[in-house]
Each structure stands twice: as structure tokens, then as C-alpha cells.
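Visitor: Here is what each chain is made of, one letter per residue.
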Amino acid sequence: MKKAAFLLVLVIGLLLALAVRDFPAWGDPNAPASISPVASHFVASTGVDTEVPNMVTAVLADYRGFDTMFETVVVFIAGLAVVSILRGGSNRRTRDREFVVDFEPDLIVTNTVRLIVPVIQIFAFYVLAHGHVSPGGGFQGGVAMGASFILIALSWDLKTALVRFPLESCFTVAALGIVIYAGIGLLSMALGGEFLDYAHLSQILPVSPEMARYHAMLGVEIGVGFTVTAIMYALYASLSTDGRMQDGL
Amino acid sequence: MFEDGSIFNQLLVERLNYFIYVVLLLIGLWAMIAKNNLIKKLIGMSIFQTAIILFYVSIGVKEGATIPIYLSEHDPHGTHARDESNETENPVSGPQVLEASLVAKYTNPLPHVLMLTAIVVGVATLGLALSVCLRIYRAYGTAEEDELLEKLEKEDSRNAVLPIRQKSRRRFPVQKSRSVTQSKTVRSEEKSVPQKPKSNRRRKTSTNAEPQIPQSGSLNKEKKDDQKPTRAKRTRKASSRKSKGDNS
Amino acid sequence: MSDHIVWIVLFPLFGAVFCALAGTFSKRICYPVSVFSMVCSVWASVQTLIESTKSSTHEVSYILGGWTIELFPRGVGIEFRADLLGALITLVVTGVGLIVTLYSYVPVQRETPAKEPMYYALFLLQITGLAGIALTGDAFNLYVLIEVAALTGYGLIAMGSNRAAAATFNYIILGTIGASLYLLGVGYLYLKTGTLNMVGIREVIEAQSMYDSPSIQVAFVLVLLGILIKMAFFPLHAWLPNAYCHAPTTTSCLLAPLVTKVMIYVMIRMVLTVFGVEFSFQSTWWTEVLPWLVVVAIVCAAVMALAQREIKKMLAYLIVAEVGYMVGGVWIYNYYGLIGSIFHVISDACMTLCLFLGAGIILEKCKTTHFDGLRGLFAKMPLTMIGFFVGGFSIIGLPPTCGFFSKWYLITGGMVSERWEYMITLMFSTMVMVVLFFRLIERIHLAVDESGKNLGKGHGDLGLSNEQTRFDEAPLSMLIPLLIAASIVLIVGVYNQDVVDQIEVFLRKYDLPTGVNYK
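Residue numbers (our numbering), protein chains in the order written: chain S, 1 to 249; chain V, 250 to 497; chain W, 498 to 1016.
If you are wondering where the hints come from, they were derived from the structure by calculation, not from laboratory data. Just so we're clear, the structure is a prediction, and the values are computed from it rather than from any experiment. Here a beta-carbon is modelled for each residue, glycine too, at the ideal position from N, C-alpha and C. Some clues are possibly wrong.
Just the calculated beta-carbon pair ranges, DEER-fashion [unchecked claim]:
1. W/P972 to S/S134: 40 to 48 Å
2. V/Y386 to S/F6: 26 to 34 Å
3. W/W783 to V/K289: 32 to 40 Å
4. W/W789 to S/L186: 44 to 52 Å
Below, in silico cross-link-like pairs of lysine to aspartate or glutamate (DMTMM-like), each with a Cα-Cα straight-line distance of 20 Å or less [as the list claims (entries may be wrong)]:
5. W/K612 to W/D995
6. W/K864 to V/D395
7. S/K2 to V/E312
8. S/K2 to V/E396
9. V/K354 to V/D395
10. W/K612 to S/D242
11. W/K524 to S/E168
12. S/K159 to S/D242
13. S/K2 to V/E399
14. V/K289 to V/E396
15. W/K1006 to W/E775
16. S/K3 to V/D395
17. S/K159 to S/D106
18. W/K1006 to W/E700
19. W/K551 to W/D995
20. W/K1006 to W/E703
21. W/K864 to V/D405
22. V/K284 to V/D395
23. V/K354 to S/D28
24. W/K612 to S/D106
25. W/K1006 to W/D995
26. W/K1006 to W/E556
Chain W is nowhere near these chain S residues, computed Cβ spacing over 12 Å in every case [stated by the list, open to error]:
27. V20
28. A31
29. I35
30. F103
31. E104
32. P105
33. V113
34. L115
35. F195
36. G219
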């Protein structure tokens, strides 16, 4: 069986290597992907269309905003699915004693974390809000934010973290993130544009259509940040405790 | 060997990035298909997805280009542009599209965006798969595929004969309690007697039929010798205990 | 431009979010919210279908974010495009979704207690993903939506028993390989063409005539391989039977009719819209290989279905066989084969729905779907059995059910292309289906057990007590959806010409051989 698997892998490898010779060389400036009208439009006109200097953010949140909305939905799905898979289950075994760990939170660790966590959270806000002009955005900021809560859970225990951020409110926050994202899309639809056509928000915002896109992107990224923060934390909480939401690592 | 135009040059020098991604992809695929431990399969899955991400990112590389964020002198709305228009007192009608020569100075943002999406999808899949693993471990007490398959097979063949047993058991007391005629009880006893070998036969046939039904992981249904899994299990337990101890 | 096309996706999306939000306060609200959002979604897809039949190009295009093709290059924004095929499939997806949502009231409460809000949220997101797959005109967006559908599918299956979770693991591994291969194929296409828009890719391939380019060919193989894994084509079907058989009732009712069929739709979309007819059928060797693989697939799946002793597992193998039909219909490469394939996607969704709804009711009432537990069921629940067997007859292909007409077109296609092996295989598998379903009928109506021993006294006596044969029909919330599904099977069968007309309008754009020379 292993031989058959090896053969299969080898065949696929040959197939892929076959195509590699046909590819443009490494870093070729004239590669079809780099000179295509779509790529050129993104590079040349992002600033004109949206006033956002970071093209990646503009493509992510505006040109291909629909993708990103579903990406957020994927994160949301993962959270829902993990919690619902681990919760319940018919014949739950009693817990093995060997996995139980009794320990006091370490003084040095907890005090360091007490100092670090606010900094991490402020940095997360910075990454989120500054995603238009520098690398960053909702996902990165959200992950950093989620990490700060995970850090609390790691250094004290999960109960301490759950007091600050209960699992129920995790899903409320995550759903709220999607509501913010899709709500901005719906609002622009209600103002006469297409779904996610942020330019029409200039009718209610005191700015030009391009600047409206800029601000709407910020709103969208905040929505993404909400969902990612909550779900990253919920994933950690469920996976580390096998869905029981107590003790944990 | 590596002179211009030879196949080695083409594959290993000019297109080394693609070559590396192919190798990584194959490692991941191999782990997903051939490894026995469920967690190792997931590690393979991560490698597999990462290989694809590397491939996409290497599409976006452009020689002599910088990251796709406007330098301040190129930003159509940047401070620099505004100052210039004020100084020359030649108010431009609006922000200008970048010229073609400048476009070549920025890499293509699209692959990066796509991979941001793919990374997120990968994380979501991994989290879900890990939770399924935990659930399997909780229910069956193993994370080795061959042991798991054995247990699943047993469970399936047990379920396959369950309805008959239930029925015969249920029907018996119902008819007795109604105090039916002598002949009928005899009949039902007759019925229940030949059912025993029949259910045995079914159990046998179902276990025979089972191998041709592709079970979970028919791609790699390998049978190791009996001792190895148990040893692996024991060492795993020991190691997990040890790691727990270290943590505390 | 009207917005109906995007509402198809948005209604279930908002329904799901609402379920997740409000579900923490009240679990009762989930069911009505789900039904309401699905009704709206069906309404929107009907509107879209009407719009696309009325428009002169027979398609509705909607570019999200306002990046219209008139002002921006094609592919700058993500396009939603409903041509007649896409609109029909969307209607099928949302329609099946609505029926299963109606049906879900009892089984969800029983099988996933205390998790209803999450269940309904994932359930609606599954429909969102599948409807989006049918509508999107962007190759990468398709990947994201495939993953939305796949992840919700994993969650919905693994939420059930432990056995279901064990089956899900395999599904995750194979599903991820499939989706990743698709993503890789799209990467190759992007590398060579520089666009992600489906129509845009075909335009570039045709303009630069890249028919011999190895990377486009490898891209095709990768995309096709990925989709074949996802649709459970025979040697790659290992994930399907266990996953569908052990999944919670409502999950299997939703996934079984839709997931594989939507993936076949994706294959047709890839062949016709992305790679183009000329590239897909004329420039390579796979047109010779695939029909033979199809023959092997159908025969093996049919034989495996014959070996099963459990309704749900048997149905799962039937799905694998039906996938073989549809893939074959595409790859025999002619007009009638494609009509047959597309029509079979629609009719197979209806009849598989019927069968799985029936099996769900049997499981609900008898606590087993094993063949030995079926005796006397007709007396107990006649309406359910009628609904179930309408689906069964459609699988066999008895007129006037829709299965007859789609199989008719498939066989016509096989004859026109002179693919006799495909035709014979279809006949053979029809025979197997006859055996399968008449064996079931025998179990249900007669008192003969497996070994041929008569357990009753004859004259309609099944050897069962009155209690076991007393009229005891399923709850109405389950029975009515089943009867609706059965009547849809019959209605689509009777009005098959109207459906086929729309498919013909769609296929006329493409240059396909009809095999008949009228000159």
C-alpha cells in the first residue's frame, strides 16, 4: 500500500515537474501574471480608485471584497463547527487522570503577561487601523488580539480568560463582525450601488467617493478583526480543553 | 550540467522556486496518504497547503520591484503629489493613474491577496480537523489509523446485526404476555432457533464484505503486526505524561 | 440591473448569522428564521431564472463592488454570472435547501439536541456556499465558496455520532486534497493567463491559442482531478459512503442531493466556460480515457450498492454510480450527452432528495435502516413508502418520473457518439437498480426473509403483530416535504421538455457535435 502511495505521489510530482518548464523564470518582469491588465490596473489605479496606498488592502477589502467576506465566513464556520463537534458526543469518557494538571499560576509569568497584554492589544489595534498604509489589516490585527486572550489563558488558566471573554460572547462578537462586513455591503446596496460598492457611501459620509471607499474598507477590516479575534480565541479554548471549557492546558 | 538552456538549469536555477514547491507539495501529499497517525496526516496537510501558498507567492515576485504599497512620491493622493501641484501652480484636474514605467516598480498584489485567503482557509480547516481528531480520540481511544479502522470495523459489524437481535428480543415477550395459543409459541420458538446461526452467518458475511467497502482511509489500509501499535500506544502515553509533567 | 442574484446568497447568509446571534437567547427561533430565509432565497433564484430567460444574452451578470466591465478590465472585480445553467442549478440548490429546512424540525431536535442554533447556522451557510458555487464567475471565488461548502459539510457531519466523526476525518483529508488541487490548477491558469475571471481565462486561452501549452494542460488535469475527488468519482469516492451513511439525518438529506451534483456542475462549467470546448475535448488524450473510467466506475459502484444491507449505505453507493452517469454524459462529447448530463444533475438532485428524505423517516420511526427492519412498513406508513418509491422508480428510470427522461438523453448521447460501452453500462446499472429497488419492495410488502423463508401465513399476512402494522405515519413536518419532493420528481418528469428547452438554449452557444448530419 505504501508503495502504491509512493507511486501515486511520484506520478503527480512528474506531472507538476512537466509543467514547471513551461513557467516564466523566477522574478520575470514580463511574466503574464505581472503584465496582465488586471494586475496593471491594481498597481496603476488603486490610488485613483480608492485613495488607499496599500494595494494589497485595497484589493483584499474592495476589489475582491466578496472573497474576503466569505473568508471571514469561513473563519466563523470553523469556530461554529469546532465548538459544536467537541460539545456533547454520546459516550463521553471520564477524563484520564494523567491529563489533569494542578498548578498555581507562576508569579513572574503572570506579572509579565499583565504588562504585555495591553501592549499587544494596542499593537493589534494599530495593525488593524493602519492596514491601509502599511502591511496589516483585519486578519493580522484580529490574530494579534486573539493571541492576547490566549496568552491570558496560558499564563493563568482558561477560567480566568473565560471570565474576561466568555465563549457565548465569542460567537456574538464573531457574528457581529460578519454583520458589520455584510451590513456595509448592504448599506451601499441600499444607497443605489451594487453589493459592497462602497463608493455610494459618500452620499451619507461627508467625503468624496474615493475617500468613502477608504473609510468603508476600515469598517470592513474592523468587522474582520472582530470575527478573527473571537474565533481564534474560541478555537484555542475548545481545542485545549477538549470542548469542556474547564482546566485546559 | 548547469549551462544555459539545459534542463537542470531550467529546473534548478531559473525555476528553483517552482521546483521547491513541487518537492514540498509531494512531501505533504505523501504524509497525508501514507502516514498512519492522524495528527501526522494533518501535519502533512499543512505542508501541502503551505507548498501551494509558496507557489502563489512566487508567482507574484517581480525583479526590481518593491512591495505593493505606494511610495509617497507615487501616491496619487499622497502629500508629495499635493505639494508639487501647489508649487507649480498647475492644478492637476485630479489624481493621475501611474505610468507604465512606474507600474513595473511594484509587485503584483493579487497573489498576496489570494494567499491571505488561502492561509485563513487553511487555518480553519486545520482547526476543524484537529477537533475531529480530538473527538475520535475521545470516542475510540486511539489516533492511529489502523487501530481506528479495526475498531470501526468491529462497530460496524456489530451494528449490522443489531436490528435482528432487537426484533427477536422484542417480539418474544410481547407474544408471551398475550398468552397466545400453544401452536403459536411453538412457531415463534421455531422461528427464533434458526435465527441464531443466521445472525452468526450474517456477522461473518458482513465482516467478509467489509474489506471491499472502502473504509475511512482505503488509500492506506495497511496492517502492521499486532505488537507495533500497542507499543506505539504505550510510548505515546508515556511521552504525553512526560510532556504534561514538564508543563507543570 | 436588479439585485436578485446576490440576494440568493445573502438571505441564507444573514439567516445563518441571525441564528447564531439569536440562538443563544431562544432556540425556537432558529427553525422559522431558516425557513423564512430559504423561502426568500428560492424567490430570488426564481426571479433570477426569469431574468436570465428574458434577457437577450440569456445571462445575468452582476459585478460585486461596482467594478463594471465597461469601466474596468474584466477580472478587476468579482463577477456573479447566472446563465441559464447556473440559474437552473441555483434554483435546484435553493429549492432542495428549502425542502430540507422544512423537514429538519423533528430530526434536528432529536439528533443534535442543544446545538440547534449552530446546526442551523452551518446548515444555511452550506446552502450559501453551494448556491454561490453555482453563481460565481470567478475561479478563485469558486475555491473560497467550495471551502465554505466543504467546511460546513465537515461540521454538519461530524456533529452527529462518534462514528460520523470518524468518517469525517477521511472526508477532510480527501476534501482538502481535492480543493487544494483545484486551487493549484487555478494558480497555473493565473500564471499563464493573468486573470481569474472564468470568461477572461477562456478569452486569453483562445486568443493566444495555448492549446498545446503543457502548463494549461496540467492545470486542466489538476482542476479535473480536484473536482473528481470532490464529486466522489469512483476510485476517489472513499470518503462518501461512510460520511453520508453515518451523518445526522438532515445533513445527509442536504448533502447527498446537492454536493456531488454541484461539483458536476463545476466540471461542466470548467469544461465549457473556463477551458473552452475546443481545448477540453479536442486537443488531448483524456477524452479517450475518461469514458472508460466512467464504465468502470458505474459498474463497480452498482455492484457495491448491490452488496449493501442498509438503505442509507446503498443510497450512498447509488450516488457514486449516478456520478458516473453524469461524468460519462459530459465526456462522450456531444450535444445530447451534455443535455442528458445537465438534466440528470437536476433530476438526480430531486430523486436523491426523495430517497434520503424517505430513508430519514424510516430511521426516525424504526430506529434502523437495515433491510431486515423494513417488513410491513407499507401498512405502517403508506404515504412515506409511496414517496420513497417515486424516488426509487426515478432512479431506475420509469416514466413519467424525471429519471427516465434524463437517462433517455444520456443513452441517446451514447448512441450518437457510438459509445456502445457507455450505453451498455447504463443498461446494466439500470438492471442493478431494478434489482435493488424491487428487492426493497419485496421486503416491505412480502413476508419473505433473506433466505427465502416465508415468515407469514400468506394472503397478505406478514407474520407481524397488529401493533407492528398499525397505521403510524411520520410527523407532518417530515411527511409533507417528502411528498413535495416526490411530486417535484413527477412534475419535472411531465414537464421535462420545458427544462430541456432551457438547457438547449444554454448549450446552443457552444460548438458541440450533434452527431446528426441533416445535409
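Visitor: For each hint, tell me whether it holds in the structure or not.
Guide: Each hint tested on the structure:
1. W/P972 to S/S134: 40 to 48 Å: At 59 Å between Cβs, range violated.
2. V/Y386 to S/F6: 26 to 34 Å: holds (28 Å)
3. W/W783 to V/K289: 32 to 40 Å: holds (33 Å)
4. W/W789 to S/L186: 44 to 52 Å: Because 50 Å falls inside the window, the suggested range holds.
5. W/K612 to W/D995: Violated. W/K612 to W/D995 sits at ~42 Å, over the 20 Å cutoff.
6. W/K864 to V/D395: The given pair, whose Cα atoms are some 30 Å apart, is violated under the 20 Å limit.
7. S/K2 to V/E312: Distance of about 42 Å is beyond 20 Å: violated.
8. S/K2 to V/E396: Holds. S/K2 to V/E396 sits at ~17 Å (cutoff 20 Å).
9. V/K354 to V/D395: violated (54 Å)
10. W/K612 to S/D242: Cα-Cα ~17 Å, so holds.
11. W/K524 to S/E168: holds (14 Å)
12. S/K159 to S/D242: holds (14 Å)
13. S/K2 to V/E399: holds (19 Å)
14. V/K289 to V/E396: Holds - the C-alpha atoms of V/E396 and V/K289 are around 15 Å apart, at most 20 Å.
15. W/K1006 to W/E775: holds (13 Å)
16. S/K3 to V/D395: holds (17 Å)
17. S/K159 to S/D106: Cα-Cα ~15 Å, so holds.
18. W/K1006 to W/E700: holds (15 Å)
19. W/K551 to W/D995: holds (15 Å)
20. W/K1006 to W/E703: holds (16 Å)
21. W/K864 to V/D405: Within the cut-off at roughly 16 Å; holds.
22. V/K284 to V/D395: holds (10 Å)
23. V/K354 to S/D28: holds (13 Å)
24. W/K612 to S/D106: violated (37 Å)
25. W/K1006 to W/D995: holds (18 Å)
26. W/K1006 to W/E556: holds (12 Å)
27. V20: Non-interface label on S/V20 violated, nearest chain W Cβ at 8 Å vs cutoff 12 Å.
28. A31: Contrary to the label, S/A31 does not stay out of reach of chain W, its closest Cβ about 7 Å off (not over 12 Å).
29. I35: Given a closest Cβ separation of 7 Å, the condition is violated.
30. F103: holds (31 Å)
31. E104: Label holds. Min Cβ-Cβ 34 Å, cutoff 12 Å.
32. P105: holds (30 Å)
33. V113: holds (30 Å)
34. L115: The claim holds: S/L115 sits with its nearest Cβ about 34 Å from chain W, beyond 12 Å.
35. F195: violated (5 Å)
36. G219: Per Cβ check, S/G219 is outside 12 Å of chain W; nearest 14 Å; holds.
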